[in-house]
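Student: Turn these sequences into a full structure, and let the hints steer you where they fit.
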Amino acid sequence: MKKFACLIAGAVMMLFSCSTDETLYHDTVGTSNALSQELHFSPDNNKNPYDPVGELYRRALKQYVKTGKVPSQHQLEMEINSLLPDGRLPGIRPVPATTQSHKTETVSDDSWQTLEVIISGSGLSPAAQAGLLDFIETLLVIQYDVDQALHNYITGYESLVMGHPSLTETDKRVVLTFTALVRHASYPDMDEEPVVILTEQDDDWDYSMGNIVSFMIIALEDGVEGISRAMYLSLNRDQ
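Start counting the sequence shown at 1205; every next residue gets the next number (my numbering).
Possibly wrong hints are sitting among the right ones.
[To be verified] Derived DEER-like restraints, expressed as beta-carbon distance ranges:
1) G1272 - P1330: 38 to 46 Å
2) R1433 - D1338: 12 to 20 Å
3) K1270 - E1373: 36 to 44 Å
No lab work stands behind these hints, which were simulated from the structure alone. Cβ coordinates follow ideal geometry from the N, Cα and C atoms, glycine included.
Tutor: Encoded structure:
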């Protein structure tokens, strides 16, 4: 658990060590303007209807960093209900049966292969699966400059997803929930000070991929109970 506070707090931030010129959605990375400077360290994207899931995960991370304690599943359920008064996310979220086998063991010897298996059995359309894998691959090879560059890249992808005519509502729900988790998990201490992670990126590859796999499992879950359970398992997987 000693590594947990440092690693999980920067789950996504420590992924970026290289750059690429030929990757889907790469053109969103370089976006920078006055508004982006004002939003420095803020993970929010109010245009994403599934942002509350990411916000809850960030709150749970922040609680652990401060107290060393992870919220219980019941506490997570209560938090979701406080963010969603009707106790559910927008729309219907069917649960792919293939995700059940990954509930308690989210990281295999090959985390990328685990991720591909989960996505291929997710029930997402082929277009959504391909786009999501491209997005994640780009995250893993992007050159990281400042916090806002990451925010701009993720929100740019979210805009493409929300406006994509070929994606189904289920596609959008799962993908936007996943991106909200990635975005918020990058800024667990945003209310106080920037999170600085000083660690060898190559040494933490498996751990970082484990977080990505966990976020995918949470995104595929059904309703408050399922999301809170998957989130609890993700937060406790190193205890």
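Student: Compare the structure with each hint and give your call.
Tutor: To see whether the hints hold, each was checked on the structure:
At roughly 43 Å, the beta-carbon separation of G1272 and P1330 lies within the given 38 to 46 Å, and the hint holds. At about 29 Å, the CB distance of R1433 to D1338 disagrees with the hint of 12 to 20 Å. Here the CB-CB span from K1270 to E1373 is close to 37 Å, well matched to the stated 36 to 44 Å.
In summary, the one numbered hint that this structure violates is 2.
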